[in-house]
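A.B. asks: Each chain, written out:
There are 2 protein chains.
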Amino acid sequence: MSKQLLQPPRGTRDFYPEDLRHRTWLFDHFHAVARSFGFEEVDAPVLEHEELFTRKAGEEIVDQLYHFELHERRFALRGEITPSIARMVAARAGGLRLPLRWYSIPQCWRYERMTRGRRREHYQWNMDIWGEPGVSAEAELLAAIFALFDRLDLARGDVRIGLNSRALLEETLRGGVLNDRPDAFPALCVAIDKLEKIGPDAVMELLTDPQGAIALTTAHAKQVVDWLQLRDLEDAAGELAPDSRALADLRGLFELLDAYGLADRVEFDASIVRGLAYYTGIVFEAYDTQRKLRAICGGGRYDHLLETLGGPPMPAVGFGFGDAVIGELLSDRGLQPECPRRTDAVVFAFAATERPSAVRVATALREQGHCVELVLGDTKLKRALADADRAGAQRFYLVGPDERARGVVAVRDLESGEQSEEPLPS
Amino acid sequence: MSKQLLQPPRGTRDFYPEDLRHRTWLFDHFHAVARSFGFEEVDAPVLEHEELFTRKAGEEIVDQLYHFELHERRFALRGEITPSIARMVAARAGGLRLPLRWYSIPQCWRYERMTRGRRREHYQWNMDIWGEPGVSAEAELLAAIFALFDRLDLARGDVRIGLNSRALLEETLRGGVLNDRPDAFPALCVAIDKLEKIGPDAVMELLTDPQGAIALTTAHAKQVVDWLQLRDLEDAAGELAPDSRALADLRGLFELLDAYGLADRVEFDASIVRGLAYYTGIVFEAYDTQRKLRAICGGGRYDHLLETLGGPPMPAVGFGFGDAVIGELLSDRGLQPECPRRTDAVVFAFAATERPSAVRVATALREQGHCVELVLGDTKLKRALADADRAGAQRFYLVGPDERARGVVAVRDLESGEQSEEPLPS
Numbered sequence: 460m461s462k463q464l465l466q467p468p469r470g471t472r473d474f475y476p477e478d479l480r481h482r483t484w485l486f487d488h489f490h491a492v493a494r495s496f497g498f499e500e501v502d503a504p505v506l507e508h509e510e511l512f513t514r515k516a517g518e519e520i521v522d523q524l525y526h527f528e529l530h531e532r533r534f535a536l537r538g539e540i541t542p543s544i545a546r547m548v549a550a551r552a553g554g555l556r557l558p559l560r561w562y563s564i565p566q567c568w569r570y571e572r573m574t575r576g577r578r579r580e581h582y583q584w585n586m587d588i589w590g591e592p593g594v595s596a597e598a599e600l601l602a603a604i605f606a607l608f609d610r611l612d613l614a615r616g617d618v619r620i621g622l623n624s625r626a627l628l629e630e631t632l633r634g635g636v637l638n639d640r641p642d643a644f645p646a647l648c649v650a651i652d653k654l655e656k657i658g659p660d661a662v663m664e665l666l667t668d669p670q671g672a673i674a675l676t677t678a679h680a681k682q683v684v685d686w687l688q689l690r691d692l693e694d695a696a697g698e699l700a701p702d703s704r705a706l707a708d709l710r711g712l713f714e715l716l717d718a719y720g721l722a723d724r725v726e727f728d729a730s731i732v733r734g735l736a737y738y739t740g741i742v743f744e745a746y747d748t749q750r751k752l753r754a755i756c757g758g759g760r761y762d763h764l765l766e767t768l769g770g771p772p773m774p775a776v777g778f779g780f781g782d783a784v785i786g787e788l789l790s791d792r793g794l795q796p797e798c799p800r801r802t803d804a805v806v807f808a809f810a811a812t813e814r815p816s817a818v819r820v821a822t823a824l825r826e827q828g829h830c831v832e833l834v835l836g837d838t839k840l841k842r843a844l845a846d847a848d849r850a851g852a853q854r855f856y857l858v859g860p861d862e863r864a865r866g867v868v869a870v871r872d873l874e875s876g877e878q879s880e881e882p883l884p885s
Numbered sequence: 460m461s462k463q464l465l466q467p468p469r470g471t472r473d474f475y476p477e478d479l480r481h482r483t484w485l486f487d488h489f490h491a492v493a494r495s496f497g498f499e500e501v502d503a504p505v506l507e508h509e510e511l512f513t514r515k516a517g518e519e520i521v522d523q524l525y526h527f528e529l530h531e532r533r534f535a536l537r538g539e540i541t542p543s544i545a546r547m548v549a550a551r552a553g554g555l556r557l558p559l560r561w562y563s564i565p566q567c568w569r570y571e572r573m574t575r576g577r578r579r580e581h582y583q584w585n586m587d588i589w590g591e592p593g594v595s596a597e598a599e600l601l602a603a604i605f606a607l608f609d610r611l612d613l614a615r616g617d618v619r620i621g622l623n624s625r626a627l628l629e630e631t632l633r634g635g636v637l638n639d640r641p642d643a644f645p646a647l648c649v650a651i652d653k654l655e656k657i658g659p660d661a662v663m664e665l666l667t668d669p670q671g672a673i674a675l676t677t678a679h680a681k682q683v684v685d686w687l688q689l690r691d692l693e694d695a696a697g698e699l700a701p702d703s704r705a706l707a708d709l710r711g712l713f714e715l716l717d718a719y720g721l722a723d724r725v726e727f728d729a730s731i732v733r734g735l736a737y738y739t740g741i742v743f744e745a746y747d748t749q750r751k752l753r754a755i756c757g758g759g760r761y762d763h764l765l766e767t768l769g770g771p772p773m774p775a776v777g778f779g780f781g782d783a784v785i786g787e788l789l790s791d792r793g794l795q796p797e798c799p800r801r802t803d804a805v806v807f808a809f810a811a812t813e814r815p816s817a818v819r820v821a822t823a824l825r826e827q828g829h830c831v832e833l834v835l836g837d838t839k840l841k842r843a844l845a846d847a848d849r850a851g852a853q854r855f856y857l858v859g860p861d862e863r864a865r866g867v868v869a870v871r872d873l874e875s876g877e878q879s880e881e882p883l884p885s
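So the sequences go chain by chain: A and B. In terms of this note's numbering, the first sequence is residues 460 to 885. In terms of this note's numbering, the second sequence is residues 460 to 885.
Just chain A, with the same shape it has in the complex (with noise of 0.2 angstroms):
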């Protein structure tokens, strides 16, 4: 087998012990997270029809999904995991108790040239909450994800949400630019979303492009792209209507914010869409204040979703959060965390004669609830004492002809270097 074979397919990672640990450790914040918000753990099949997934927006996440086709049936790997939830939520509608707050950690790929160190697997943490219309579901949602960025030690000024609406958007166009083509409108979102990647002129081509699903005509692209550069809602106020529900919506939410003690790490912005077709109202996304990286999370509302698959209709918010931008940021601010090895206790044995008194101590310290770690071959004592300081074993346990004859094992302390004994378990 080749050397390259040795390695992971490109862009997917192996997780050694000590990966295992750091990612575990990232994972047990996004549990506590969402269980203390009430949410339910919830999962679906890392392969799905490939259907489930197709659109038409342009979306990168629909380009470069990992999809083929086995026994006539086309299946693709999850780019997200929001089109499995809405499934299950489809399949059970009307014998589910709403509002459902759900979350997952799926593990989501994309196929795409490896570019800028992009991977091509991460896994997602995402909340969701379904049947709620109104912005309090908004609120809860970023609250979590200010809970989590506290409990990771991020200071306070380290990270902030951008807040916009797309119906606030689509409000603003729907007499003049998408008046005839209300359909254009995803795409539309999806072309504005690579603003900061491909700067404005791109964008502006992307908009007024004849051949493309969006052709705007000059002047009405630019009144696009001018509308992205507001950053204080009130300025957009004055280009609505004064019983505009997606600013209505917006202010509450922002009222509520407040009560939650974070109006002020949450800024409108009107640049921010998201690159998904399915968001309907509001989009976030959170990012480092230096705008170093990449967004870190990004969300926002979905009430048509689940009619496009063929359920009821269901209002719908909910968030992604990758694994990757939070770990390069961490690192950034030296907040991973060490994550050493932790055993209870090593046992050895100083010949095979006295292997089956070890096995008795490593088991009955085992059924005490301890982690033990029992030496296994002919190793030499001072081999097992160094390996017993790496696994970061507290205890070291060693029966000889002389404690077995005693009936005893010798113990010691490995931090303090204290030394005792215990009876041989019979």
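Incorrect hints may have been included.
Listed next, with one range per pair, are the computed distances between beta-carbon atoms [as the list claims (entries may be wrong)]:
1. B:R469 with A:L557: 26 to 34 angstroms
2. B:R842 with A:D617: 35 to 43 angstroms
3. A:R710 with B:G866: 21 to 29 angstroms
4. A:E880 with B:E714: 22 to 30 angstroms
5. A:D617 with B:A722: 45 to 53 angstroms
Source of the hints: derived by calculation from the structure; they are not laboratory data. Don't be surprised by glycine CBs; every beta carbon is placed ideally from N, CA and C.
Please arrange chain B on chain A, whose structure you already have, making use of the hints.
C.D. replies: Below, chain B alone, put in the same frame as chain A:
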């Protein structure tokens, strides 16, 4: 979207909250046992290069891979994780302190025609010891399996482990049956493994097929099938050289198991060979004593796998323990736990004007470490109380106009019915 697409792909599972709680309950036991034996968790991608799995012994697990081509590379969803773990060991061989004690709980995939309720994915608890040639490693693994059974409250007599050694079989065949074709041995084991499923006549056919990889004479095949009937190690000993290494290993293992208090729960069974081509030595499987179900788990020694992947020689032994059969057994025995939903508190605002106060109550409780469901919409009190009951909530916090005016929140203990008041957090 069609009704069918509201379901996960055929043979795969969605995990709704109650399903996931059961999964977590079982996985927590897997984790606890592995840790108590000093094992470290690892993981690898569910997607691997297909070549990692390619072996030529007629194995079901290789024939049933989910595999596909993408951009001129062939990939497969893992059918088992051992080749991935072997790849990881080989990639760092030399830098790893032996023996390694590694475990994982990967989801594994197989594509087969659906029969007898077998699914196309399952989770498999894997424990492997790398770098220890002696049976002390096998003994630890068998003890871990029984530790799990005991944790799950299975009665001591409900489950047993059958034990054999491929080396023992190979020794008996070396002089005659396989004299000139030792390479046929893995395929021979894979064929023998089908004994219980297809019966001795069909196995005879596989062994004697002149076009097959094994192509024994009828007399030799008969000799093999007869050997499989042995259930007493001393009967087998009579047909082996007195200095048989395989025999000494099995006897040594039974002696060690006695020290673990497990000798009476393990029995020699010459028909157990397991269906994976790479096993070389001791093999074992656990089953319900009534033999109503398929094997609960299986494993064995595979001392040559690392070399076949291009790594250095390294002895290894491990087992895989799926989540399917143990689930059936626990259900049969009435040992599946209830796993109800639990929440510490539900917080309810009487009307929109009280919502900011309710938010403050929920936030304060969460900061104290409680799991709190905040009622989000304009819900009637009666319905909110019923929902709190379903959520398994212990306490119900209510803020109405009167409470808000007095700066308090009403607290009802949902178990005792006791009512009290607490000051509203500022």
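A.B. asks: It remains to establish, for every hint, whether it holds in the given structure.
C.D. replies: Structure-based check of each hint:
1. B:R469 with A:L557: 26 to 34 angstroms: holds, 29 angstroms
2. B:R842 with A:D617: 35 to 43 angstroms: holds, 41 angstroms
3. A:R710 with B:G866: 21 to 29 angstroms: At 26 angstroms between Cβs, range holds.
4. A:E880 with B:E714: 22 to 30 angstroms: Between E880 (chain A) and E714 (chain B), where Cβ atoms are some 26 angstroms apart, the hint holds.
5. A:D617 with B:A722: 45 to 53 angstroms: For D617 (chain A) and A722 (chain B) the Cβ distance comes to about 59 angstroms; the hint is violated.
In terms of the numbered hints stated before, the structure departs from hint 5 and from no other.
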